[in-house]
Amino acid sequence: MHTSGTEVSGFIGIIIVQVTILIIYGIFVRYDYEMLPTTNVTSEEFAAIEKQHRVSYPHFQDVHVMIFLGFAYLMTFLKKYGFSASGFNLLVAAISVQWAFLARGVFQLDNGLIRISLSRVIEADIAAAVVLISMGALLGRTTPIQLLLMALIEIVVYSSNEYFQIELLKITDAGGSIIVHAFGAYFGLAVSFVMRMKREENNAGTNEGSSYTSDIFAFCGTIFLWLFWPSFNSALLDDISQQHRAILNTYLSLAAATVSTFVVSAIVSHQHKLDMVHIQNSTLAGGVAIGAVCNLLVSPHGALLIGTISAIISVFGYRYLTPFLVSQFRLHDTCGVNNLHGLPAILSAIFSMFYASVATTDIYKDSLNDIFPAMNWKNSSYALEHNTTITVGGFGRTNMEQAGYQALGIISTILIALIFGALTGVVLNLPAMRNLKKDEHHDDDIFWNIPDDFKHI
Amino acid sequence: MHTSGTEVSGFIGIIIVQVTILIIYGIFVRYDYEMLPTTNVTSEEFAAIEKQHRVSYPHFQDVHVMIFLGFAYLMTFLKKYGFSASGFNLLVAAISVQWAFLARGVFQLDNGLIRISLSRVIEADIAAAVVLISMGALLGRTTPIQLLLMALIEIVVYSSNEYFQIELLKITDAGGSIIVHAFGAYFGLAVSFVMRMKREENNAGTNEGSSYTSDIFAFCGTIFLWLFWPSFNSALLDDISQQHRAILNTYLSLAAATVSTFVVSAIVSHQHKLDMVHIQNSTLAGGVAIGAVCNLLVSPHGALLIGTISAIISVFGYRYLTPFLVSQFRLHDTCGVNNLHGLPAILSAIFSMFYASVATTDIYKDSLNDIFPAMNWKNSSYALEHNTTITVGGFGRTNMEQAGYQALGIISTILIALIFGALTGVVLNLPAMRNLKKDEHHDDDIFWNIPDDFKHI
Amino acid sequence: MHTSGTEVSGFIGIIIVQVTILIIYGIFVRYDYEMLPTTNVTSEEFAAIEKQHRVSYPHFQDVHVMIFLGFAYLMTFLKKYGFSASGFNLLVAAISVQWAFLARGVFQLDNGLIRISLSRVIEADIAAAVVLISMGALLGRTTPIQLLLMALIEIVVYSSNEYFQIELLKITDAGGSIIVHAFGAYFGLAVSFVMRMKREENNAGTNEGSSYTSDIFAFCGTIFLWLFWPSFNSALLDDISQQHRAILNTYLSLAAATVSTFVVSAIVSHQHKLDMVHIQNSTLAGGVAIGAVCNLLVSPHGALLIGTISAIISVFGYRYLTPFLVSQFRLHDTCGVNNLHGLPAILSAIFSMFYASVATTDIYKDSLNDIFPAMNWKNSSYALEHNTTITVGGFGRTNMEQAGYQALGIISTILIALIFGALTGVVLNLPAMRNLKKDEHHDDDIFWNIPDDFKHI
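Just so you know, the protein sequences line up as chains A, B and C, in that order.
Each residue of the first sequence is one higher than the one before, counting from 1 in my numbering.
Each residue of the second sequence is one higher than the one before, counting from 1001 in my numbering.
Each residue of the third sequence is one higher than the one before, counting from 2001 in my numbering.
There could be a bad hint or two in this list.
[Claimed, not checked] Reference listing, derived: stretches of chain C covered by chain B, where coverage requires no fewer than 3 residues with Cβ under 8 Å from a Cβ of chain B:
#1 2030-2036
#2 2067-2077
#3 2083-2097
#4 2109-2122
Calculated from the structure, these hints are not laboratory results.
As the structure is a prediction and not an experimental result, all values here were calculated from the model.
Each residue gets a CB set at the ideal place from its N, CA and C atoms; glycine is no exception.
The shape of chain A in the complex, shown without the other chains:
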């Protein structure tokens, strides 16, 4: 196998990256203060640490299951790509989390050092999710080395955009619909577009299909994502009321999206039979679509409505848009991340514009300042009446301005993702990188020693 040498050099490249990360950690990364032994910690401080820990650790583990098991198994739907889907998911995520501590840490330096703690671990896992979403668009058409290089670039861009959106634009996006899902989806699609096959090669690969068993494995991934999505959307919320709302709204949105997915799938699919691709993916669209507004007062019926709409859009995307993009633009999207993450995220941003435009202190009370930190509520009747002295940092946005910033958030995120995704695609296409040929796509045999029965699949 003349190609194997290339792979080994690629894997040696990985170990160089791993050693480099290790050295950077040695120089710059330290435990956060709460993780250090202390002499004189008051019982109040201690209680606060404990509280934070107890709230966040089960939440962290739920998110952890989503990233490393949910995404991994959702991608095992291809009949001959199960090892790569689940294995490379683990590899890519393991590099991504290490790198994310650094890429995100530079925006939170403490005397030139990066302090890591349990809440940083949740955020690192979420950063890995971004890369895994992009990986879904490319699934089966890259080497693991290309995926890892993409991860290194994407994590840096993601971290910068996250800082830009949250700290500078001050958008609200508790569940990460904009900064995680839209970013990951359109970054991956841009990479996919740049790496697309020449026209003559662009016939459907014989391996790009599922088997009965692989579909059931994949559905297991779906269910874990479905189960823990309320934890994902609520993981980083400190305020207990907001966290409760994020959990309940996500739960309701997912339930409604599930019902609509089955209905629309039966209506639009071949012979009016259900399509497992829709069930595996569009049932989750409700989790994405509620993301940016999950902690807002969308009301239970609002959550149901958002879930319903998102699933309809998602199934139609799988049924009509994805084949259209392949046939017209040779834009492949193996897992359909545009339909699961991209379009529902745009929907979520639109809802966030609507809810920003109607948010008042009369309904949100003090928490408005937490949810929309740049809005002007100092002179609201509520603020005057309650004689509050909280200031808002000089932003003083009106409702419409905040809605405009939400729009700016999703538009700028998509643009940044597309531009840097395209540049990343150019890098991955460099002659120095091994590129898979068409007949090597979606085939575990290229990268793995496979069991004897594999050839009969």
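Based on the hints, put chains B and C in the right spot on chain A.
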């Protein structure tokens, strides 16, 4: 496919139900107060909310995994029905939880409104479990439309019976053996009986068997149910001592049931080899059998004993009773819910009678009032000695009376389940409903676009 | 089948064990005090119980998933042994936890009684893990009766060694690398060595291989172990700072081990393609290797380094050492527990020696006394300066002495495991026990009624 039209009309029926639910939510359903922004919440109130949240959210997620993953994968044991088992489980549960908020909410109205919160979400998940148990009895012999119609009816009857048992009869049933497991099992069996095939069709379907892979998928469901059953039985207990006991008793009962299942399966099965059906199901009987008494002082050896007995009954049920009911009464029970849920639940009710008959304030102290709210302990020596002033609402039951109410509880639950299950079966058999023919049973090909390899299974 | 009788007599042996355990429980086992109803519990005491409960229950459930699902599915990698791997895992663990309450309880007697509580449940689960590790070495080459007999013996030796190491030698081993992983691995290997086949039989069994599907099931086990290993290592730590460090260090070590596993696997494997055995197992070596030092101040880069080294050792072990031991010593190790548990545990012990040798009160403050209870820090400059009055029970070890005790800990653990493992092997080889023949190895058909498609695998 002339049948497809029927299905589409059925799916359109579902979307009408979903929209109706959405409208009812808009009119009647609101966030509970704790989920609303507040101006003046004291730190004590806040701490109480936080405490509740922290206790219940991991518990909720454990139960959530059971309902949506455990039940789903346990039902994938049929070789050609994995898509339907896991997919329809998700669909039925997603409708059920939405509907359960309403059906249960009418018994807890707040000024004409239904308030939903995180603890209501656990209860909605448990209501879905009831329907999924019934679905187990029917697995592979109905359309998804029939299942959803059953869910809508069953949730209403379940919610009413739950209210009747807990609020009016004041039985103890912390783990839901009576109100969840017995109800779900006998409701489903009654539906199954009414929908049974005509005699001439009643030969064993060729698809009603497992494959090696499908059995391993199903065992994955078993294990998740096994793991989180202590959370299921303890999820709704506020008192920490009772919750600890519920966890530990369930854990011990399951461990003992597991050992006994293996032993009895080896003894009674063909060639004295283990039967995977027993291992998948009867190992869980200990969770059901301990349910109604899990928070009582059954003692560790009591928990082991209950688990042991339940598994013996369950394996014998699978080995002898289920085939007998099929051959004599054409009563099919695909997953054997009578053996996993029905008989162990009756056993649990019998144990609850025993423990009610010996419960005294000397051993339960103040908590007796919480566990058996209708028993008379005002004039017990304990109450007199401790000079307690707690009253018991005028019920003043003796031990024997409470034991009688426990008996009344299980008997009335089974009767209600049988009657309304039979009526539901009549509805599902109406000419307007599509009914599956014998050769359409246990076959994903009827409802799903299936991968190419399916036809070789 | 003349062998079946033997099996039934074996299963009847199991029920005798189960009944004996039940009787012992009746005489000696009681709920711990916190689980009993109380009259006058102060709110402080109540809060302490609640706190403990909340911290430990999600941790327990994570560990619970590892033992009953992670280990079970990791062992399903054999193509024809999935029922036995997952089923016997459940059976062995179910007996082991019941027995562990007793075997461990005799070291914590309360007026002659064994009190069980939620934290004892975590410890019982961990004791079961020890047996399951040993089972991994033997997988497919024993009857379930032999496994259960081994469990009964091993749990007793394990409990005694645990007491010896922690209470008498006073070593530090928060994650159980020494007392759990090294013990389980070398106990199992000693059993395997004694039970090894005669030379003429020792050709590779035709069933000792994986299938594409079985490998993906096994990887599911890997991922659950990988996900919850931070919970395993931190489950029994009370101090919140130590628990945080244990979580974060384990997380980082696993991430680094994963990356290194992929790289080394690609370099050393056939055709430079990845080997699924390495990915399934060596990615977890980081969890073992960090175990004994997970709560120490190893620093983030230290955790990455430990994970990296452990994975390199582990993959080399699978690639070169395991085949060497089979060919030279006929020492079979089906799951390669020496490479996943044994060698990384020795590495962990070596690291614990290093970190013990440099631990001072200047860096660990008061917590040194908790981590190394036998070290002398009374007269350290820190102790004098802070005027502390905490005594250390007269041990007064220096850093080098503590490091020596860590060395003594791993050496004595391995020796005890080897000796009692060999004795156990002798017992399992007794003529009274049914021993599998070579052609019965790794074959579910020996113990299970198997589906029709099994014969085509």
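Hint by hint, work out which the structure violates, then give me just those numbers in ascending order.
-> The structure breaks none of the hints.
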